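Model the full structure from these sequences, guided by the hints.
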Amino acid sequence: MDVFLGIGVALAGYFIGEGLKQMNHPKAYEKSDTYLIKERDIHFYIGHFLGITTTEAKQLAGDMTDIPYIEINGKKYVQKHLLKEWTFTLVEKHQDE
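To convert, note that position 45 of the sequence shown is 45 in UniProt numbering; the numbers rise steadily by one, no gaps.
Just so you know, these hints were derived from the structure itself, not from any lab.
Wrong hints could be hidden among the right ones.
[Claimed, not checked] The calculated lysine-lysine pairs, modelled on DSSO-like cross-linking and capped at a C-alpha distance of 27 Å, are:
hint : residue 1 : residue 2
1    : 38        : 76
2    : 93        : 38
3    : 93        : 80
4    : 80        : 38
5    : 38        : 58
6    : 58        : 93
7    : 75        : 38
8    : 58        : 80
9    : 38        : 84
10   : 58        : 76
11   : 80        : 21
12   : 76        : 93
13   : 84        : 58
14   : 75        : 58
The structure displayed is predicted, hence computed values, not measured ones.
Right under this line is the structure:
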């Protein structure tokens, strides 16, 4: 029984230590910005970034002719960090109107 308690305390100390390391660098382990997003999922991610529904994101984005994309084998993909930047500039445009 004492062995299990000791292992539990050791694991808790390890996880608390790792959490404290990440407090000053919250994005140090986030590598998801390099992902490519398929064209069909763009509205979902716009809604996710802004906290709105996919339908509202479709209305906000419109035709999306100026979005920066990569074409691979005839399919369009957008890098996640570029989509975030594009989304926030789109919101700024709509606020200025």
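Structure-based check of all given hints:
Distance hint between residue 38 and residue 76 is fulfilled; the C-alpha atoms sit about 6 Å from each other, no more than 27 Å. Using a Cα cut-off of 27 Å, the hinted pair residue 93 and residue 38 holds, with the two alpha carbons roughly 24 Å apart. With a CA separation close to 20 Å, the supplied pair residue 93 and residue 80 stays within the 27 Å bound. At roughly 10 Å between alpha-carbon atoms, residue 80 and residue 38 fall within 27 Å of each other, so this suggested pair holds.
For a cut-off of 27 Å, the pair hint linking residue 38 to residue 58 stands: about 15 Å separates their Cα positions. A hinted pair counts as satisfied when its Cα atoms are at most 27 Å apart, and residue 58 with residue 93 qualifies at roughly 16 Å. With a C-alpha separation of about 8 Å, the suggested pairing of residue 75 with residue 38 holds against the 27 Å cut-off. A hinted pair counts as satisfied when its Cα atoms are at most 27 Å apart, and residue 58 with residue 80 qualifies at roughly 17 Å.
Our distance criterion of 27 Å between C-alpha atoms is met by residue 38 and residue 84, whose separation comes to about 14 Å. Among the hinted pairs, residue 58 with residue 76 is consistent with the structure: their alpha-carbon atoms are about 17 Å apart, no more than 27 Å. Distance restraint check for residue 80 and residue 21: the Cα-Cα separation of roughly 26 Å lies within the 27 Å cut-off, and the hinted pair is therefore satisfied. Annotation: proposed proximity of residue 76 to residue 93 holds, straight-line Cα distance about 24 Å (limit 27 Å).
The straight-line distance between the Cα atoms of residue 84 and residue 58 is roughly 15 Å, inside the 27 Å bound, and the hint therefore holds. Annotation: proposed proximity of residue 75 to residue 58 holds, straight-line Cα distance about 19 Å (limit 27 Å).
Of the numbered hints given earlier, the model fails none.
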